[in-house]
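Visitor: Listed below, chain by chain, are the residues.
Protein chains: 4
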Amino acid sequence: MSASLSRPRVGVWLVGARGSVATTVVTGCAAVTAGLHPPTGMVTEHPSFTGSGLPALSDLVFGGHDTLDCPLPKRAETLTAGGVLPPGVATAVGAELAAADREIRPGGPTSGDTRTEAELIVAFADDIRDFVHRNELARAVVVNVASTEPASQGPDAPLPASTLYALAALRAGCPYVNFTPSEGMHHTAAASEAERSGLPYAGRDGKTGQTLLRAVLGPMFAQRALTVRAWSGTNLLGGGDGAALADPAAAAAKNAGKERVLADTLGTVPEGEVHIDDVPALGDWKTAWDHIAFDGFLGTRMVLQTIWQGCDSALAAPLVLDLARLTARAHEAGVSGPLTDLGFFFKDPVGDGPAALGEQYAALVAFGERLRAPSSTARPPGDAAPGERS
Amino acid sequence: MSASLSRPRVGVWLVGARGSVATTVVTGCAAVTAGLHPPTGMVTEHPSFTGSGLPALSDLVFGGHDTLDCPLPKRAETLTAGGVLPPGVATAVGAELAAADREIRPGGPTSGDTRTEAELIVAFADDIRDFVHRNELARAVVVNVASTEPASQGPDAPLPASTLYALAALRAGCPYVNFTPSEGMHHTAAASEAERSGLPYAGRDGKTGQTLLRAVLGPMFAQRALTVRAWSGTNLLGGGDGAALADPAAAAAKNAGKERVLADTLGTVPEGEVHIDDVPALGDWKTAWDHIAFDGFLGTRMVLQTIWQGCDSALAAPLVLDLARLTARAHEAGVSGPLTDLGFFFKDPVGDGPAALGEQYAALVAFGERLRAPSSTARPPGDAAPGERS
Amino acid sequence: MSASLSRPRVGVWLVGARGSVATTVVTGCAAVTAGLHPPTGMVTEHPSFTGSGLPALSDLVFGGHDTLDCPLPKRAETLTAGGVLPPGVATAVGAELAAADREIRPGGPTSGDTRTEAELIVAFADDIRDFVHRNELARAVVVNVASTEPASQGPDAPLPASTLYALAALRAGCPYVNFTPSEGMHHTAAASEAERSGLPYAGRDGKTGQTLLRAVLGPMFAQRALTVRAWSGTNLLGGGDGAALADPAAAAAKNAGKERVLADTLGTVPEGEVHIDDVPALGDWKTAWDHIAFDGFLGTRMVLQTIWQGCDSALAAPLVLDLARLTARAHEAGVSGPLTDLGFFFKDPVGDGPAALGEQYAALVAFGERLRAPSSTARPPGDAAPGERS
Amino acid sequence: MSASLSRPRVGVWLVGARGSVATTVVTGCAAVTAGLHPPTGMVTEHPSFTGSGLPALSDLVFGGHDTLDCPLPKRAETLTAGGVLPPGVATAVGAELAAADREIRPGGPTSGDTRTEAELIVAFADDIRDFVHRNELARAVVVNVASTEPASQGPDAPLPASTLYALAALRAGCPYVNFTPSEGMHHTAAASEAERSGLPYAGRDGKTGQTLLRAVLGPMFAQRALTVRAWSGTNLLGGGDGAALADPAAAAAKNAGKERVLADTLGTVPEGEVHIDDVPALGDWKTAWDHIAFDGFLGTRMVLQTIWQGCDSALAAPLVLDLARLTARAHEAGVSGPLTDLGFFFKDPVGDGPAALGEQYAALVAFGERLRAPSSTARPPGDAAPGERS
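Protein sequence lines correspond, in order, to chains A, B, C and D.
With the first letter of the first sequence counted as 1, position 172 gets the number 172 in the UniProt record's numbering; the numbers rise by one all the way through.
With the first letter of the second sequence counted as 1, position 303 gets the number 303 in the UniProt record's numbering; the numbers rise by one all the way through.
With the first letter of the third sequence counted as 1, position 370 gets the number 370 in the UniProt record's numbering; the numbers rise by one all the way through.
With the first letter of the fourth sequence counted as 1, position 275 gets the number 275 in the UniProt record's numbering; the numbers rise by one all the way through.
For the record, the hints were derived by calculation from the structure and aren't laboratory data.
Check the hints yourself; a few may be wrong.
[As the list claims (entries may be wrong)] To be clear about the criterion: a stretch of chain B counts as covered by chain D if any three or more of its residues have a C-beta under 8 Å from a C-beta of chain D, and this derived list gives those stretches:
1) 117-123
2) 231-237
3) 273-281
[To be verified] Calculated from the model, a selection of chain A residues having no Cβ within reach of chain C, i.e. all distances over 12 Å:
4) Thr91
5) Gly94
6) Pro150
7) Asn235
Just so you know, these numbers come straight off a predicted model, no measurement behind them.
C-beta: ideal position from N, C-alpha, C; glycine also.
Could you build the full structure based on these sequences and the hints that come with them?
Guide: Following this line, the structure appears as structure tokens:
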């Protein structure tokens with residue numbers, strides 16, 4: 001694990017490589033590298049992470065799987081019309097989009113696919129290994145940014161696609177990040193293999209809007225000893241995610257993560273539901289309304305409401321780049337197993353880290369500091385480096 | 001500084017003792033002591049502070065100064081009609097309200113008052129000392145909860161009343177807490193005397209609503225590397241505070257604190273104004289609307305809005321009790337000078353503590369832990385106990 | 001149909017007589033009559049209705065059916081604690097509450113009730129007739145203010161209770177008002193009987209919050225030629241109504257009315273869902289959030305959001321009094337059949353009146369004017385008095 | 001006043017012809033004419049106005065005054081970048097923008113301008129007459145869409161520019177529309193001349209957002225007999241209008257119109273202030289928050305809040321086209337004096353029409369119907385045609 005003089009390039013293998021998030025990731029990485037835009041929204045560009053040995057944006061190489069076949073430059077055009085990408089950028093980085101497009105392989109299983117699960121895993125892993133070899137990459141991180149799957153159907157159901165991809169990542173020797181609420185590495189079929197692999201992995205479900213707010217507001221109420229009686233929320237979103245989450249089973253997967261944040265920060269689950277509505281008219285824009293009824297001194301009833309209007313792809317993309325960089329560096333540094341210190345990014349983080357955003361940020365910065373040291377000393381916090389490679 | 005076997009009683013001397021906040025403090029302390037209500041909103045009732053040696057609520061004795069003469073039980077009745085106090089409580093704790101009422105002395109200067117500033121200070125200090133002696137108190141904490149004064153008028157202007165009271169506190173040997181944006185101990189005339197006195201003091205301007213939110217949302221934007229372009233706010237409030245803050249000079253004092261939170265957490269001051277409107281129809285209830293325009297990845301424009309509907313007196317009162325307990329204990333433990341670790345409670349805290357609420361809470365808990373130790377070891381953080389009494 | 005010299009008293013028979021709305025109706029009528037409160041929220045107190053011959057509030061006598069047996073004075077106490085009724089009022093009108101309580105009869109069917117539907121209708125009608133005779137009333141109006149029932153289950157299902165009460169009203173010769181979304185007179189089993197009876201009836205589903213707003217905002221968008229693309233809403237409410245509407249079947253009945261307003265005023269049904277959440281912590285208070293995405297000139301996307309925080313019982317009660325007065329007077333004046341001119345009050349009005357609130361108000365005022373004339377000339381608009389009694 | 005066989009073309013002379021609103025007017029008119037966009041937001045495209053003899057969009061010819069000299073095509077480009085105009089439209093209608101640009105003349109007075117007020121009026125009138133003759137127009141309507149001026153400074157102050165333009169319109173024999181809160185024809189120096197001229201005129205201050213809402217919500221509260229206690233509002237806007245209205249004197253002019261709507265619809269002026277903040281980060285987008293505290297039955301306190309996020313230029317432009325068409329046709333039909341029936345469009349309408357939007361719409365539709373008749377019968381409502389030309 002020595003650093004060569006010419007900087008090694010690092011692969012980012014996107015599951016769902018033709019989706020809005022993936023397209024924004026590839027476009028944005030190229031635009032920031034070219035100096036067309038500042039790296040707004042990228043946490044790892046903060047000076048705290050200087051010297052942590054993260055791969056440069058210009059050293060990232062993109063590829064991935066997708067079941068769709070709309071070319072990336074065309075997807076970028078659509079996102080430009082929808083206001084997700086600023087005018088002109090997609091054209092300016094057309095070469096990079098075309099390059100990434102050439103590295104996208106057909107995903108699966110698609111309807112009529114007769115391959116077994118084992119065959120699919122092998123095929124996906126082969127795609128990833130080919131990508132690494134062909135591009136002479138030091139390593140590649142597999143990141144799931146595909147549409148949310150319905151919640152798992154029980155032990156006898158077929159493996160969800162997200163878990164097939166996760167197992168393919170392990171087989172290809174790649175660290176894995178699950179940015180969605182889908183099962184992925186959480187499936188029982190993957191857990192033991194993940195442990196055996198000695199590879200680092202992170203997830204799940206990127207914290208980009210309503211839950212991000214909850215992760216700072218929940219601790220506020222707890223620290224001020226205010227009693228939250230009901231926390232209700234409605235999310236309106238169009239785009240592919242809106243349609244996927246209109247499926248109650250998929251929404252259930254997402255909402256579990258949202259509830260976990262409240263339970264962990266408040267120490268109790270208040271009344272209240274969370275709705276996710278598919279509103280195609282909103283396109284890639286999301287509006288989240290939260291209504292929090294709480295009690296103050298002597299039982300006085302008060303209310304906080306928040307309205308978050310954001311573009312999900314624009315919120316997710318810089319975090320995907322952050323995660324790819326951090327996970328690649330963790331892999332390089334020999335860290336293995338669940339990356340508890342990356343809880344800052346997730347609704348439902350692996351491991352037992354803190355739930356309050358401030359503490360998660362502190363853990364992330366400390367992780368960045370540990371990565372600075374010669375790789376042999378990077379280790380999980382409070383831990384005699386159990387998961388490190390010998 | 002030894003603890004007697006019978007617990008010593010501690011005085012809380014309220015400047016503005018007949019106001020809404022003071023009335024809620026006295027009513028609430030009695031109601032919680034009597035078991036009529038849980039201590040919702042009181043930070044120091046959290047297990048973290050068990051064993052820190054804070055005075056029990058049942059050991060607090062109230063008195064204070066005010067220029068008005070409406071009896072406390074009558075004030076409590078008015079607050080009950082306005083929904084600030086729950087029905088029945090004011091009657092249930094009538095004896096405690098009457099007792100506190102007997103300990104209120106006329107404040108000043110009132111119109112026609114011919115006493116010099118020095119005479120006023122002496123008179124106020126005598127009132128406080130009498131209170132301590134008559135009630136055989138171990139000590140008393142002076143807390144300013146009076147209406148906000150206009151911002152200071154320059155070095156030649158007469159001392160603001162809040163500073164006269166602060167100087168009286170020093171002269172009476174009492175620690176001091178400024179829960180308002182008024183000058184108090186911040187006035188240059190008080191600063192050096194405060195230092196000489198060796199007494200602990202805290203302030204200023206309790207963080208109860210909009211600024212509390214800003215102290216968690218500001219860090220969120222900073223940690224996520226999102227660029228806040230404009231942060232605008234409007235506060236609607238009735239009650240005495242609404243009228244006081246309709247004076248632009250008074251509002252200016254308050255807004256300085258609000259802006260400081262943004263500047264400190266964002267590292268920059270975004271566009272945007274803050275309005276404070278007097279809306280008598282709202283009574284003691286406050287509505288604060290914040291509109292935050294921020295940029296995400298590739299300059300995508302997004303918006304967060306928050307609406308906070310709270311009862312200011314009910315938000316302030318438990319914090320006043322927290323501060324009285326913490327400051328009294330700090331005094332007992334020999335801590336002196338600005339209580340930087342109490343920044344959690346204030347918009348514009350003394351000293352150079354962190355501005356993010358999460359870090360302020362961590363500092364507060366650490367302070368509580370230091371207070372647990374035998375008193376001789378309690379000291380300001382990172383400090384060889386410079387201000388402790390010998 | 002001549003007016004006697006001593007003013008005749010008029011009965012108001014409330015189905016759901018022990019509920020929040022009914023209790024507020026009885027309390028409020030007595031409080032306004034006694035001069036304790038102005039008639040805020042009562043449309044018929046406007047000078048437009050002077051001279052329309054409406055019964056005075058002091059001439060209304062209350063009774064009703066309910067399956068619960070909590071005494072009205074006790075219900076009023078609970079509503080006072082919940083902030084629905086102002087402190088002191090329930091006590092001040094204790095005699096009137098007790099009087100109404102004595103006129104409440106057991107409703108049904110309750111579990112274990114072996115009576116046939118026909119027997120129940122007879123029994124209910126007898127209760128109403130007894131009430132009229134015992135109190136020497138000129139007439140009585142039956143008003144359904146009971147909890148919302150699930151939507152009807154098909155032609156073979158048992159008649160919903162609301163329809164049993166509606167049929168009992170017809171049998172007792174009483175005009176009928178349905179303030180809820182339940183079937184009542186809309187059931188096919190009641191429609192022909194209603195026509196035969198020659199009695200006036202009105203409904204259904206009082207327009208008290210979100211739909212009231214929609215009835216003014218929908219026309220605004222239409223008149224300004226702005227294209228509404230999506231109209232989404234979430235309602236949070238506790239109290240009995242929250243629990244009843246947590247049943248999706250009951251919510252479906254309510255939402256149909258809400259959608260009708262949009263369809264009728266916009267001329268199209270936009271995207272978007274409506275949620276009704278049971279949030280017990282909110283008690284009788286309701287919060288309704290609406291998010292309206294619309295297009296302006298050249299397709300520019302804009303958004304209007306509304307947040308309505310109201311007390312449902314306090315919004316409904318004055319309208320119930322208005323409806324009782326108007327319907328009683330219509331009956332006296334010989335008007336029969338569906339009271340299309342009362343669409344102002346309802347989400348899903350009988351007949352084919354306008355859907356925009358302003359036009360509904362104009363129709364209501366015109367109706368009040370027609371009632372002014374000698375009774376023989378009062379008639380439905382644009383109609384050769386087809387349904388009038390000879 | 002005979003209609004020629006080939007349709008006559010009609011001029012629209014825009015004061016402030018290079019501003020955002022004017023640029024959107026010219027762009028949008030061309031885009032709708034070319035079938036690139038539907039006429040969303042144009043009231044006069046409703047079937048109600050078919051047959052009223054309004055000039056077709058394709059018959060409108062644009063010119064105007066401005067003190068700036070940025071070419072219209074360039075302004076349109078800026079508006080496209082700011083999201084006001086959709087991508088591609090400005091280019092598609094480049095020829096029309098260039099044509100209008102050629103008809104723009106320098107406005108005034110500019111600094112250093114030594115011309116007297118009388119000379120300026122003559123010069124402006126000459127510009128307008130030249131425009132009419134050169135383009136062989138049947139007539140031209142002068143529409144003020146310039147930035148808001150500070151409120152007038154008293155009788156001895158120089159005439160505001162808006163009044164100079166209004167007087168120039170009269171001198172050139174053109175009907176006049178004031179879409180801004182500036183004085184224009186309201187100035188005492190213009191009133192009698194306007195009357196003498198026999199020309200129709202309309203204004204003032206287009207009702208595009210917060211006040212539009214107030215014009216439907218105010219009547220709702222009044223009709224429902226709900227007591228509005230406080231109506232508070234904050235407007236955030238960037239663009240030129242934000243900067244202009246940051247001047248308290250200019251804001252005062254605008255707020256007077258907003259207050260008038262409440263006074264007229266509620267019958268009383270509630271508590272509450274209106275703020276207009278310049279927030280350059282918002283560009284041409286405006287956010288208006290309104291907080292309405294109202295009382296229901298028995299004094300129960302309730303709240304409605306509205307948040308309007310719109311693009312001012314996109315809201316104003318179609319109304320400017322509506323007004324130009326209606327006023328041109330009124331002129332053709334011989335209507336003269338204040339056009340009271342156009343109150344639907346304005347915050348502070350000329351004449352004594354209704355204030356509720358619904359009634360204003362009814363008046364507008366009736367006006368459209370009167371315009372259908374042979375021109376000699378078109379007249380102000382309830383009026384023996386006092387102002388018509390012989």
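Visitor: Are the hints correct? Go through all of them and say.
Guide: Structure-based check of each hint:
| no. | hint | verdict |
| --- | --- | --- |
| 1 | 117-123 | violated (count 0) |
| 2 | 231-237 | holds (count 3) |
| 3 | 273-281 | holds (count 6) |
| 4 | Thr91 | holds (22 Å) |
| 5 | Gly94 | holds (26 Å) |
| 6 | Pro150 | holds (20 Å) |
| 7 | Asn235 | violated (10 Å) |
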